Amino acid sequence: MKTWDDFLSLLDGIVESPPPFYKAELDGVTIGEPIGVPLYLILDLVSNTSAAYTLFTDQTFNAALKTLLLSWGTYLAGTTNGSNGTLTDDKWFSEQGLAVLESGLGKWSFWQTYETDSSKAPYYDSWDSFFTRDFKPTNPDGGDMRPIQRASGGRVFVNNACESTVLRSATNVQIHDTFWLKEQNYSIYDILGGAAQGSLAPQYADYFQGGSVYQAFLSPADYHRWHSPVDGKIVASTVYPGTYYAVLPDNGAPPYDPDLIPGDPHGALIRSQPWLSVAAARAVYIIQPTDANLHLKWVAFIAIGMAEVSTCEITKKSGTVAIGDEIGMFHFGGSSHTLLLKPEDGYEVVFQDVYETPIRPGQHRWINSGIAQVKKIGT
Amino acid sequence: MGKLFVYIADNDDVFPSHVQTVLGYKDPALAVCIFPANDTSPQNLTSSDPHHTNSAAMAQPYLAIKRSTYHSWVPQSNNIHNEFIRHLIRASKGSVRHKNAVTTFDKAVTQAQKDLFMSALTQVAQYYAKVCQNWRHDHKLIFFFFSGPTHQP
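In order, the protein sequences belong to chains C and A.
Heads up, the first sequence is in the numbering used here, so the first residue is 1 and it goes up one at a time.
Heads up, the second sequence is in the numbering used here, so the first residue is 1 and it goes up one at a time.
Simulated from the structure, these hints should not be mistaken for laboratory data.
It should be emphasised that the depicted structure is a prediction, and the values quoted were computed from it without experimental measurement.
Fair warning: there could be bad hints in the mix.
Stated by the list, open to error - In silico BS3-like cross-links for lysine-lysine, where the CA-CA straight-line distance does not exceed 30 angstroms:
#  : chain 1 : residue 1 : chain 2 : residue 2
1  : A       : Lys107    : C       : Lys2
2  : A       : Lys114    : C       : Lys66
3  : C       : Lys136    : A       : Lys99
4  : C       : Lys297    : C       : Lys317
5  : C       : Lys66     : A       : Lys99
6  : C       : Lys91     : A       : Lys114
7  : C       : Lys2      : A       : Lys114
8  : C       : Lys23     : A       : Lys99
9  : C       : Lys107    : C       : Lys66
10 : A       : Lys114    : C       : Lys317
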């Protein structure tokens with residue numbers, strides 16, 4: 001890609017086709033890989049430059065990009081061509097494709113786990129229907145497909161709001177904080193909307209001063225709907241347009257990167273995830289917990305569209321919500337999410353599962369599973 | 001007289017397994033294999049990688065390839081993402097009229113924004129130029145000559 005026109009020609013190949021699935025031979029073995037975010041692949045290297053930072057944080061450019069992404073989203077939601085030959089037994093539903101789709105499902109298969117629109121290929125009416133597919137209510141053993149870990153042995157849990165892989169957690173987050181290249185702190189005010197029109201930050205940022213934050217990301221194969229992490233009342237919710245491909249330009253992959261060699265400039269978007277919580281297109285919910293045993297004053301859930309997500313859809317805008325209730329969903333693209341948790345005075349948030357195993361980066365966690373408790377400080 | 005085949009190995013596609021595959025497929029009478037090498041001590045090869053281990057055993061004392069930034073910058077044959085982008089480039093060749101959504105996007109973007117995009121592309125090109133320059137400085141070329149049909153050095 002050497003010119004702007006080259007870029008437009010590449011876009012031609014993307015905006016009227018669904019995300020493909022590729023197979024290739026590697027040392028005699030057929031491997032498969034989803035191209036879940038095709039436009040990102042083109043812009044990956046480009047984004048990691050100072051010029052792209054300026055461009056991809058430009059509101060008018062992002063408005064033009066959003067129109068393009070919405071058009072693609074309309075295509076992907078279309079029932080006549082939205083899946084367009086990719087939801088087939090030799091692509092996404094091939095042996096290799098199903099291996100990807102089933103990577104986080106435990107012992108159940110894709111077909112045992114998810115609802116479909118039809119029993120015949122392409123199984124879903126559109127790409128969007130496939131992407132936002134729902135779980136079956138029960139597994140083949142008769143248990144809940146995604147059981148809600150509400151409480152156990154006198155303990156009450158905050159549940160995972162998205163089926164996702166843990167990125168990191170942090171405590172004592174500040175209302176205003178800075179985002180440096182290597183040490184990306186979380187800024188509550190900016191996460192909640194900053195100076196954006198209709199921002200929730202002026203009214204709610206103070207509520208979370210000194211609280212804890214948890215962030216995890218979704219793979220293209222994950223379930224893309226969001227569930228309430230607590231029993232409570234949604235007192236406010238909104239969607240911010242934000243950026244779609246902006247990253248914090250850096251010096252490349254760190255020495256501990258599992259996929260890239262040190263210094264490789266690819267993947268800056270992945271490394272920028274904490275910063276994306278204040279910059280990217282996102283939906284924000286403010287939830288007041290109603291379970292007094294949880295000892296939690298406030299919860300904010302932020303669904304972050306990392307790349308080419310044109311729509312963060314809020315389906316439950318306000319009112320009473322039970323833990324595990326569906327409250328919204330992502331429509332195509334790469335995504336991440338953040339929880340802000342503000343405990344009662346004298347209490348602290350401890351990120352651990354129901355077996356008191358610490359929540360660590362890299363773990364894939366089911367939705368509705370316990371990821372945090374609130375404990376009296378010193379116990 | 002068979003074909004002359006020139007094989008330029010990158011850091012992972014090292015002698016001999018890949019080369020033998022190529023030779024067997026092409027069946028040349030003579031092959032010239034050019035390896036980048038910035039070290040002549042085979043113990044630097046990754047022992048956990050069977051390709052590298054075999055390479056070290058068979059290519060001593062001439063060949064030692066260790067990982068360098070070069071590897072990450074050159075599209076690899078097994079990199080599916082790069083294959084996808086190449087597919088898009090092939091598909092886009094000859095395109096004279098953009099899709100409606102793309103045309104709308106093009107009209108909505110200002111010339112100043114397009115210039116910024118070009119600046120970003122230039123910065124990427126500069127990355128490549130710098131890394132390739134470093135690679136040339138850091139490596140010397142070692143030539144191997146093969147003759148068929150046994151494919152032995």
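*asked:* Check the structure against each numbered hint from earlier and tell me which ones fail, lowest number first.
replied: Going through the list in order, the structure violates hints 3, 6, 9, 10 and respects the others.
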